[in-house]
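Undergrad: Chains as they are written, first to last, in the numbering used here: chain A, 1 to 76; chain B, 1 to 76; chain C, 1 to 76; chain D, 1 to 76; chain E, 1 to 76; chain F, 1 to 76; chain G, 1 to 76.
Because the hints were derived from the structure by calculation, they are not lab data.
Certain hints may be false.
[Claimed, not checked] Ranges between beta-carbon positions, derived for each pair:
no.: 1; chain 1: F; residue 1: I36; chain 2: C; residue 2: K15; range: 43 to 51 Å
no.: 2; chain 1: D; residue 1: E14; chain 2: E; residue 2: K15; range: 21 to 29 Å
no.: 3; chain 1: G; residue 1: K23; chain 2: D; residue 2: D7; range: 38 to 46 Å
no.: 4; chain 1: C; residue 1: G24; chain 2: D; residue 2: K30; range: 24 to 32 Å
Fair warning: this is a prediction, and the values are worked out from it, not measured in the lab.
The beta-carbon is built from N, C-alpha and C at its ideal position, and this holds for glycine as well.
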Amino acid sequence: MAERPLDVIHRSLEKDVLVVLKKGIEFRGKLKGYDIHLNLVLADAHQYESGEVVRSYGRVVIRGDNVLAISPVEEE
Amino acid sequence: MAERPLDVIHRSLEKDVLVVLKKGIEFRGKLKGYDIHLNLVLADAHQYESGEVVRSYGRVVIRGDNVLAISPVEEE
Amino acid sequence: MAERPLDVIHRSLEKDVLVVLKKGIEFRGKLKGYDIHLNLVLADAHQYESGEVVRSYGRVVIRGDNVLAISPVEEE
Amino acid sequence: MAERPLDVIHRSLEKDVLVVLKKGIEFRGKLKGYDIHLNLVLADAHQYESGEVVRSYGRVVIRGDNVLAISPVEEE
Amino acid sequence: MAERPLDVIHRSLEKDVLVVLKKGIEFRGKLKGYDIHLNLVLADAHQYESGEVVRSYGRVVIRGDNVLAISPVEEE
Amino acid sequence: MAERPLDVIHRSLEKDVLVVLKKGIEFRGKLKGYDIHLNLVLADAHQYESGEVVRSYGRVVIRGDNVLAISPVEEE
Amino acid sequence: MAERPLDVIHRSLEKDVLVVLKKGIEFRGKLKGYDIHLNLVLADAHQYESGEVVRSYGRVVIRGDNVLAISPVEEE
Numbered sequence: 001m002a003e004r005p006l007d008v009i010h011r012s013l014e015k016d017v018l019v020v021l022k023k024g025i026e027f028r029g030k031l032k033g034y035d036i037h038l039n040l041v042l043a044d045a046h047q048y049e050s051g052e053v054v055r056s057y058g059r060v061v062i063r064g065d066n067v068l069a070i071s072p073v074e075e076e
Numbered sequence: 001m002a003e004r005p006l007d008v009i010h011r012s013l014e015k016d017v018l019v020v021l022k023k024g025i026e027f028r029g030k031l032k033g034y035d036i037h038l039n040l041v042l043a044d045a046h047q048y049e050s051g052e053v054v055r056s057y058g059r060v061v062i063r064g065d066n067v068l069a070i071s072p073v074e075e076e
Numbered sequence: 001m002a003e004r005p006l007d008v009i010h011r012s013l014e015k016d017v018l019v020v021l022k023k024g025i026e027f028r029g030k031l032k033g034y035d036i037h038l039n040l041v042l043a044d045a046h047q048y049e050s051g052e053v054v055r056s057y058g059r060v061v062i063r064g065d066n067v068l069a070i071s072p073v074e075e076e
Numbered sequence: 001m002a003e004r005p006l007d008v009i010h011r012s013l014e015k016d017v018l019v020v021l022k023k024g025i026e027f028r029g030k031l032k033g034y035d036i037h038l039n040l041v042l043a044d045a046h047q048y049e050s051g052e053v054v055r056s057y058g059r060v061v062i063r064g065d066n067v068l069a070i071s072p073v074e075e076e
Numbered sequence: 001m002a003e004r005p006l007d008v009i010h011r012s013l014e015k016d017v018l019v020v021l022k023k024g025i026e027f028r029g030k031l032k033g034y035d036i037h038l039n040l041v042l043a044d045a046h047q048y049e050s051g052e053v054v055r056s057y058g059r060v061v062i063r064g065d066n067v068l069a070i071s072p073v074e075e076e
Numbered sequence: 001m002a003e004r005p006l007d008v009i010h011r012s013l014e015k016d017v018l019v020v021l022k023k024g025i026e027f028r029g030k031l032k033g034y035d036i037h038l039n040l041v042l043a044d045a046h047q048y049e050s051g052e053v054v055r056s057y058g059r060v061v062i063r064g065d066n067v068l069a070i071s072p073v074e075e076e
Numbered sequence: 001m002a003e004r005p006l007d008v009i010h011r012s013l014e015k016d017v018l019v020v021l022k023k024g025i026e027f028r029g030k031l032k033g034y035d036i037h038l039n040l041v042l043a044d045a046h047q048y049e050s051g052e053v054v055r056s057y058g059r060v061v062i063r064g065d066n067v068l069a070i071s072p073v074e075e076e
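Bound conformation, chain A alone (with noise of 0.2 Å):
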């Protein structure tokens, strides 16, 4: 299984990532925490539709089984 998604998801703690979700609403922030469920937790993060950010959060719990992909935004 190699380098495995929880890994890289791990590798990302404290880090700046970019969350795509299914409906097309992204965030980005940085991520504090996660579960095995994708359950992620970002600070300072900034919620997007269609490119503009929509809302601001000091901290958010985003529920894992509405997440599309996950992205470190340093490696972009």
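Put chains B, C, D, E, F and G on the given structure of chain A with help from the hints.
TA: Only chains B, C, D, E, F and G this time, still in chain A's reference frame:
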């Protein structure tokens, strides 16, 4: 897993939270309880649609599978 | 977990509750029973769509996976 | 849990029930059996759409995950 | 649980059945097998959409999670 | 359970199969493997939409939860 | 079960793969890892919509429940 999703929710007990649902509905209220499915209990809660309050609740249980994100309001 | 979701539902037994479903349908009636899936039993229940009563039931079982929120009516 | 959902369904065996599905389809017929998934067996059943009978069945098994609500007809 | 859903399906083996899917598609054919997920095997089956035969199959496996209802044809 | 769904799929190994997906997409190709989730491996496969080939694959894994029906082509 | 789905994915490690998602979105990139849920890790990946590259990623985790099909590109 660092700052785990359920830990963040636990720390928000007795605080005001914003709950964003998958269908664009939002709730704001004081978090009184939760379980591992992210079922939530809010007190003195308001339900918003398109930014307008559409209903108020003394106590409301939200079924966890509707949840997109949860955020403590004071950290916004 | 403080005031747990199922505890709030248990405390609502024999009381009038509002049940909001995912599809915009609502039920009001006396809560007679429930299980851990949030399947619910209501007595003397009315089903509402767009604010209008569309049907009444002596007894009705609602399958839990349709539920968005449950609230005791007297606390509104 | 008081009057449990499956108890109410069990008490409805051999009685006429209304089964409301998620997609607006309804069935009426005599309840002959069920299981814990809320899969149901109806006898002498009619399927309704927009209030019209669209089909009749001597025996029909309804898969439980389609069910929104079940109600004994005589209690309406 | 009286006449259980899987019992009714078992009794329909080697008989013609109507399978109604969630998406309005229907299959008719001889029931050759099933499993506990309600995955079904039909022989000499026809697929109907809007009442028209759109395809025929010598043997077809239908994945159970698509199923809305199953009915033995001779009992209609 | 007679002729079980997975048995029919097993018997189709190394044969041409038609795979109908929930979204109206179809695949045809030689069945090379499967698992209990109905994840499938096809070789020399074509993907069809509205009856037209839209893509070809030397090897493709189809995730089982997309599947509506599977049929051995030679039995049609 | 012959050539099992996870075996085909395992053999594709370090190779370019096409990942077709349920929503018409596609990713191409080098497969770096996976797990039993078909969560995938791609490196140097591009996301396509309607045939156009809409974003590029150094590393991206795709949640498995979004996946429709996976194919090694060199075998096309």
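Undergrad: Does each hint fit the structure? Answer for all of them.
TA: Comparing the hints with the structure gives:
Checked against the hint of 43 to 51 Å, the C-beta distance between I36 of chain F and K15 of chain C comes to roughly 45 Å, which is consistent with it. Distance hint check for E14 of chain D and K15 of chain E: the Cβ-Cβ separation is about 24 Å, which falls inside the suggested range of 21 to 29 Å. A hinted range of 38 to 46 Å holds for the C-beta pair K23 of chain G and D7 of chain D, which are about 42 Å apart. Look at G24 of chain C against K30 of chain D: about 31 Å separates their beta carbons, and that is inside 24 to 32 Å.
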